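Q: Guided by the hints, dock chain S onto chain W, whose structure is given.
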Amino acid sequence: MANTQQLEDITTQVRRDILRMVHKVNSGHPGGSLGCAEFFVSLYNEIMDRKEGFDMDGIGEDLFFLSNGHISPVYYSVLARSGYFPVEELNTFRLLNTRLQGHPTTHEGLPGVRIASGSLGQGMSVALGAAQAKKLNGCNHLIYSLHGDGELQEGQNWEAIMYAAGKNVDNIIATIDLNGQQIDGSTDTVLPMGSIKDKFEAFGWTVLEIEEGNNIEAILKGMAEAKSLTGKGKPVCVLLKTVMGNGIDFMMHTHAWHGKAPNDEQLAIGLAQNPETLGDY
Amino acid sequence: MKTYENQGNKDTRSGFGAGLTELGRTNPNVVALCADLIGSLKMDQFIEENPERFFQIGIAEANMMCIAAGLTIGGKIPFTGTFANFSTGRVYDQIRQSIAYSDKNVKICASHAGLTLGEDGATHQILEDIGLMKMLPGMTVINTCDYNQTKAATIAIAEHKGPVYLRFGRPKVANFTPVDQNFEIGKALHLVDGTDVTIVATGHLVWEALEAAKTLNEKGISAEVIDIHTIKPLDAKAILDSVSKTKCIVTAEEHNHLGGLGESVARVLSQHNPTPQEFIATNDTFGESGTPAQLMEKYGLNADAIIKACEKVIKRK
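Just so you know, the protein sequences line up as chains W and S, in that order. Going by our numbering, the first sequence wraps up at 1193, each residue one higher than the last. Going by our numbering, the second sequence wraps up at 495, each residue one higher than the last.
Mixed in with the good hints there might be a few duds.
[Said to hold, decoys possible] A short, non-exhaustive set of chain S residues, derived as facing chain W with CB atoms under 8 Å:
1) 244
2) 245
3) 248
4) 279
5) 437
[To be verified] Distance ranges between label pairs, derived from CB positions:
6) S:204 / W:1098: 47 to 57 Å
7) S:445 / W:1098: 48 to 58 Å
8) S:297 / W:1168: 53 to 63 Å
9) W:1192 / S:365: 35 to 45 Å
10) S:461 / W:1074: 36 to 46 Å
11) S:222 / W:1047: 17 to 27 Å
12) S:226 / W:1164: 51 to 61 Å
13) S:203 / W:1106: 43 to 53 Å
14) S:297 / W:1100: 25 to 35 Å
15) S:234 / W:1109: 23 to 33 Å
Calculated from the structure, these hints are not laboratory results. This structure is a prediction, so every number in the text was calculated from the model and none was measured. Glycine is no exception: its CB is placed at the ideal position from the N, C-alpha and C atoms.
Chain W on its own, in the form it takes in the complex:
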């Protein structure tokens, strides 16, 4: 079991990976990736019970599904640094013939990825299917999923949210990255969604809030509580309040870096704010 400082060190390195990946190809989505770095690091290093290696069926281990696939940089960095594939492969992000496509896919056989995502709103349904397969297989492990808050504007989510509660799918913890931003601006200016907590509760979910979604201790505590609430007949939703662009001061609290890469100078500033810990790829 890693201590908090170790997880902080991994997170710092993951931030460097994210910046360097998107900078090299001058494309990709650093904002949401940085906002979820602590969550991914906590999930893969502490929260999930994972087997060594990778097989698609994932029987006998917890599984994770990323619905908002555009934050692939953080996903790839954490998968690589969790041993799913060589960290050097991060160098190929978004390049021709890469397994690290712009949005995650199973098509090139990248270990760690079980479904393509990018076209938004599909991941919760997929996660529910996998959760029901676990039940059929008598496997007591859990399904974790992550969704953007703006992504909840896609109607399919609400089909899935209704279904999960109606069918008592209680072996899933769906986390919503509540950063309040989307490409065109804040979620409140693009399409005000009201209280997401109220909506999930009205649909019959158990909802938990992690106010400090970029604080590793808060994430570990909140997710442990979420886990304790599974298996009680209701699906569990975690509202993770994060700051888009977290850890790079000029990228924080704005939608401007949702889908934009830093230039050379901005990269240097960002890297200086996050000194190497595990070694760059």
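A: Okay, now just chain S, sitting in the frame of chain W:
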């Protein structure tokens, strides 16, 4: 010429139901999903025998397709059931990203395809689904012709690894292929030998093609009839072998001429052996309300239309 006996009219969707029931008894990994159309899809028996392996999704087809994708992760073989329109056009992006691109072992089973859905009209009569599905990389596309073949195909696709679109229909039609046949994906069925014209048909048009061949035979025209149940991958060899003998071809399907079987055949012919071809298909139009027989007559999808097309294409040789 070889003739086929109608063993009694039956609906192809009941063939699907019977095949699914058999799979329920023989393959513990098969699971079924439905979006509030259990009766229409004839899934009742499977559900009665395997309640734990059935998922009633409600009227939420997008959710159904992606739940099916998720169920494959853990080794299940999901069969989704709803009308063809709601199995394809309504959920194209879900199939594209979560099933086809993700290479998930989902069997999309689509009833009430084409005009023969009848009185419900154009909102429910999809004539574009074969095109939509065959354009997806990795998707196998099957359109069965009768009850027995649909049952056999349903059983066969469970053994095939990868996404499949299985298309069938609503009305009771002639049941003429053998009981308990072995269905081979991608292998055309050579039904009648002929020398003057090749008729390749799929789905409900196969029986019409056989009827047409009988009448043509009486007129002294020898028609070869091939059932193309698998539109993708297409049995190009069966088509090329036949036209090398007959030198002309008529394709017949209950689908738009854009994107259907006819276009797939035309592509094979233009590449390997340019051959005069006539198309029995709808002409870039929506359907409308009416009885199945009225609609097939109005839109030119019956034996009479096939006969005329054969006579026309023979003159073009």
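Q: Now tell me, hint by hint, if it's right for this structure.
A: Checked hints:
1. 244: holds, 3 Å
2. 245: Result: holds, 4 Å to nearest chain W Cβ.
3. 248: Status holds, d = 2 Å.
4. 279: Check passed: Cβ of residue 279 of chain S comes within 5 Å of chain W, closer than 8 Å.
5. 437: Check failed: Cβ of residue 437 of chain S comes no nearer than 22 Å to chain W, outside 8 Å.
6. S:204 / W:1098: 47 to 57 Å: holds, 55 Å
7. S:445 / W:1098: 48 to 58 Å: holds, 50 Å
8. S:297 / W:1168: 53 to 63 Å: holds, 55 Å
9. W:1192 / S:365: 35 to 45 Å: violated, 55 Å
10. S:461 / W:1074: 36 to 46 Å: holds, 41 Å
11. S:222 / W:1047: 17 to 27 Å: holds, 23 Å
12. S:226 / W:1164: 51 to 61 Å: This hint holds: roughly 57 Å between Cβ atoms.
13. S:203 / W:1106: 43 to 53 Å: holds, 49 Å
14. S:297 / W:1100: 25 to 35 Å: violated, 48 Å
15. S:234 / W:1109: 23 to 33 Å: holds, 28 Å
When each numbered hint is compared with the structure, violations occur for hints 5, 9, 14.
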